[in-house]
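Q: Chains as they are written, first to last, in the UniProt record's numbering: chain S, 1 to 477; chain X, 1 to 302.
Misleading hints may appear alongside valid ones.
[Said to hold, decoys possible] Result set (BS3-like, lysine-lysine): computed pairs, CA atoms no more than 25 Å apart in a straight line:
1. S:K218 <-> S:K258
2. S:K293 <-> X:K94
3. S:K386 <-> X:K246
4. S:K313 <-> X:K82
Hints are computed from structural coordinates only; laboratory data are not their basis.
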Amino acid sequence: MKDNKVRGIITLIVIALAFLSLLWPTSEGYKGLASLFSRIKLGLDISGGARIEYKVDIDKSVENPSQVAEDVWTVLRNRLDMANYTEAVVKQTFREENTFIIVEIPGATDTARAEQLIGSTGLLWFGQVIDSTTSDPNIDPNLINEAKREKAEWLLDREGKTWYLVKKEIANISNLKLVSPKIVEAIPQVDRNNVAGYVVTFKLDKQYADVFKRITEKLYVPEDLINQGGVAYQQALKKRLAIVLDDRVQFAGFVTAKITDGSALIKGNFTLDEAKQLAAILKSGALPARLEKVSSGWVAPLLGADIVSASLKAGIIGIILVLIYMIIFYGVMGIVADIALLYNTFLLLGILAATGSILTLPGIAGIILTIGTTVDGNIIIYERIKEEIRRGSSVKAAISTAFSKSFITLFDANLTTIIAGLFLYYFGTGTVKGFAITLIIGVLGSLFVNLVVSRFFLELFSGAIKVKGASKGGARA
Amino acid sequence: MIDFVGKRKIFIVISLILVVASLISIFTKGFNFGVEFLGGSEIILKVNAEVSESDVRQIIKNLAPEFENARITQIKSVDDPKGISKFSIVVSPKDENGELKVYTGEEKSVLSQKIVEAFKNNNYTAEVIGFNETSGYAAQEIKNLTWKAIVFTLLALLIYITLRFQFVFGVGAVVALIHDVIITLGFYSFFNYELNVAAVAAVLTLIGYSLNDTIVVYDRIRENLRRSRGSTIETLVNNSINQVIKRTINTSLTTFIVIFILLLFSGNSIKPFAFGMTIGTIVGTYSSLYIASPIVIRWIKK
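The shape of chain X in the complex, shown without the other chains (with noise of 0.2 Å):
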């Protein structure tokens, strides 16, 4: 038997720690944004030689005023053969009034023309395999609908844990996810890994999963608290936890097993969805055990 509930100040206080050292984190470092929340255009570039980010911008910082600032990162995938590398270059150009602009067709033709010449004139073969764009317009709308989602995700399970069980499991289930969402986008700022899409999927599959964890612990809570009478909430809880935790270890190492290797195999653009489930589920795990339960004890109704 584990006493998770007896040393519950101990993990409150990691948590506290690893939740405040995140918003420091995404508050003064910020999110490495994936072009579908910054704006601007993305340009998949294959140069068939080893060069270096640096090389590129260097070849290419004079094509247009908004080369200056690009954002250029290499793009690795595990078949790709040596001697070719990938680069993303975002930017973001300017109209004459100051707003995104959205490159036509031809202008794009012509950019992706201009950079091959580039290379070549520094004596490179390049090719430009990708050109995407996002306007100002749906990043905004995609950030403005993420938030809803998440919001109102929240607000809906507080409502079904609330008729389901007791509304302190609601509130311990919302803080339990709240602690995790936060935990896991100060990794995503930490580590620098960038924020795309199928990132902000990986956060709300993890509230699913999270949930998932925390509910089965509920459950058990629930169903010990209709039979056992003498035994105190404390005994009760932790009983309940220790029940269930073999499922939950077995759980969350399978399906880690599968994400872990998805994160370590997998191609560039389903690598942040990766990093964020297999953060999720390590902390997912740990707030169903240490946080969603224990910090609610205090309130619980017999």
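If we strip away everything but chain S, and leave its shape as in the complex, we get (with noise of 0.2 Å):
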């Protein structure tokens, strides 16, 4: 009787906490039964949103691999969170000795912006313009040409409509140039000379500070200067200072101060995203390696909820129906099954709730499956109870010789079924791998459950337990 007292405490306790689990206050609004679920985080197939799968490409030479991976992970946090993406999820998978980054954004519609965001490599340099045309210059050899006489190249700009001819080395002094860059600050502003545009203002890192202020040194043009034309003013436009971020030019424009600080301002009338999306890349740096897009898309909320409510309707339907069958199957005991399978799912939800775990669309079938493996131990056990009743045992004396003599069927049996789930995770991708999560947890829960929770209300009830055929007597072996 004492035993089962400490299996009345842990039944309540555990209980408790898997409900305290699932109703800690959040900031989402559910409202009645859908309060139960608010704290499980639902995954992109059931809440919709974009999903983008980058594999890692590193470098063979790289002594530390998994370290540029955490870096790579940290610099599109951190890019994902100064563009406002907060709820986006960032995960790392690894499979066949390759990393693969996998970033979830719920309800985003549109994955091109963020896909601008996450592919950029952040390489940020600062240059001279030395000429700019309109044209294509890689279909005009006299173009090509000017480009190799001056060692320097064509790039495009943020708009993709204009060419200018940018170099490293500034002012062709060998060394003054600035490339990759620490950013300690850039922030988006209101461009307090165009109304409509935005700006972004940055400040270098004190040790770059000095490079800067040699640069803008010798690109320093007066502001009359500009204003003048003439031939001073085509000498002018050689010394023009281009930002260069991933291969395109983001600005391209006079010095006309001195900076001393390191603190700058690029101009271009950005929208407000924009300014905020290269501000975000500016302040988080460059990726520490290359990747690879294996694929995209979006799931439409609206292709996710109507599937989410139809298998939910199903899975009430199905539990019903399987209440039922025990009750009208096991009497008493059936309604001790009820209990343990109740139990059984919200102790799922509630763990699933304190981890943070992710709930895919197999994770539900995971659920209804443990319903399955919560009903098998409890017929089990019962089978056992009512065998050993029949052989004349009282029922007390039969629930513990059935507990004790399940024990082991119960526990080859699920190990087997959880060493098939961790296969199934370890192998498996994305949804497959959050299907493998559920079950596992499924059925140590049902192992739990059946084994203490079952256990407690069976010799509660033991009282009213009756076997019909028990009269019968020993008739098997």
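Work from the hints to combine the two standalone chains into their complex.
A: Structural data, given as structure tokens:
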């Protein structure tokens, strides 16, 4: 009896914890029954949104590839946060010695902007503009020759309209160049001279401020000269500063003042979103590895929602039928089985909420399967109890014997399912992994529920348990 | 008492016929692979009218070369209002080198617009509500991983059952599992059901489920082996199966109820899972009773 008290207490504590983790207040405003599920993170297949998967192309010579992957993750996380994609999920997975980064943005309907933000390698450098043209320089032999002569390269601007001939070494002074400087601050701001546009102000880390000062000294053009025109202006055109990000000229213009503190601004008639994105990339720095897009797509929430509601309805109908079936076949013991079943379902949901696991559609299927294992465990035990009672044992003794005999069966049967689940988790991708997680948690939960919770209630109700055919005695060996 | 063991030859023949028929269907007819396996792009289209698959094909076939061989299937959900039809259009565009091409974000929106316009020209209102893509690489990878998962799972189970029971039980369980997997896959092929990642999950779950059933029978045999000495192995196995038959029937029925209702009422993307599980529950229960134990009788050591 003392044992049963312990079982009762554990039973209560565990379910209380499960409900606590389910009902812990969240910012999400679900109401009624749905509030039970508001703490569970929903997979993209349920909530809808954009999903982009990249293979991280890590150089074979790198000493510590997992650190590189970790850095990629951090950079992407920073960029997404700074571009206001805080709800995005960035996941790392490893398959066949390759590292993959999966970015999921719930609710997003367009991957283009996110792809631009993520796919950008973030390489930033400052250069000197020598010439510019609006026609394609790659088909004009004169312009190709000019690039060769100046040891510079033709780069397109952000809008893809103008080509700039840019060189890294400023004023032909060797080593006067600024490539991938560290940027400590980058803020999108309203352009004071142009009401509609935005600019991005940034501040270089102290160690780069000096180089930047020397560059601005060399490229300095007095403002009145720009307005003057003529030969002096033609000369000045060759002293424009270019800010190049990912081989695109983000800014090309005159330096009208020497900059000593390393802070400057990029002017390009940006929209707010563009300015935010540029600031995010500037501040989060360069990606330490190349990303190769494996797949991208968006799941319409419309599509997810109807599937979920239909599957949920089907699941609930199925569970109710099973509940009725068990009571018809096992009477009082059937009620215990029903308690066990509901108990395990809420336990599973509670664990999902507490661990922050993501519930996917196959995950829901995994929950439904858990119902199977929980009911199965109870049936195995009940059939044993019936057998023992037919042999002539008292109900109490029958319960005790049935549990000790069923333990091995339950252990072997559930462990094999867990083994299958572990392999599924290890080799599976995305949604299959979600399924494996719910399967493993569910099977472990059902083992606990069968051995502890069911036993507690069986012993509690043992007085009410009646088994037909007990009088016939031990018919079986 | 039902005689499971005495009639085992009949059931082995039935199983062999089913397995051979499944293999023939798999190798001649093949599978209706989901987009994860094929690689390519899946466009989910909603049309505000009742149109047929051939109508859709007629309207979109000239938009781009890859649309000529697009795989178009109508999708239905229970909650769909009348007068609306939804289609899944799977295309596998190729680039200049004949490799599978992935649409860029821009190409996607251009293509979506083109489709909507094409429908407009035919006096229909259509909307692209989903555009998913999987590169050939991912498809290839999923294929490889799926096979690995199945093979390694079977190996691990063989080892576990050998340790806990006897080697021959492990062989029996694995034979029963392969039997179940082949027949279930055969049903996918035969009924042209879509084989997608969820369906693979179903097949793997079925391994766990069928195994669970088999282990319960084996456990009873193991227990009876220790106790009874006089009876023949045939009687012993037959008694063991009969002792757990009620549990097997009740468990299978309750699982079947949930899965079958899911198959009837669930949304499209979970249907392939429910289909596999429905077939799997039946085949898995059958194989636990008629195949897993009866076929190994000759080799069981007392």
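Q: All the hints need checking, so say for each whether the structure fits it.
A: Status of each hint after checking the structure:
1. S:K218 <-> S:K258: holds (9 Å)
2. S:K293 <-> X:K94: The given pair, whose Cα atoms are some 16 Å apart, holds under the 25 Å limit.
3. S:K386 <-> X:K246: This hinted pair holds, its Cα atoms lying about 11 Å apart.
4. S:K313 <-> X:K82: Given that 25 Å is the threshold and the Cα spacing comes to 20 Å, the pair holds.
Every hint from the earlier list agrees with this structure, and none is contradicted.
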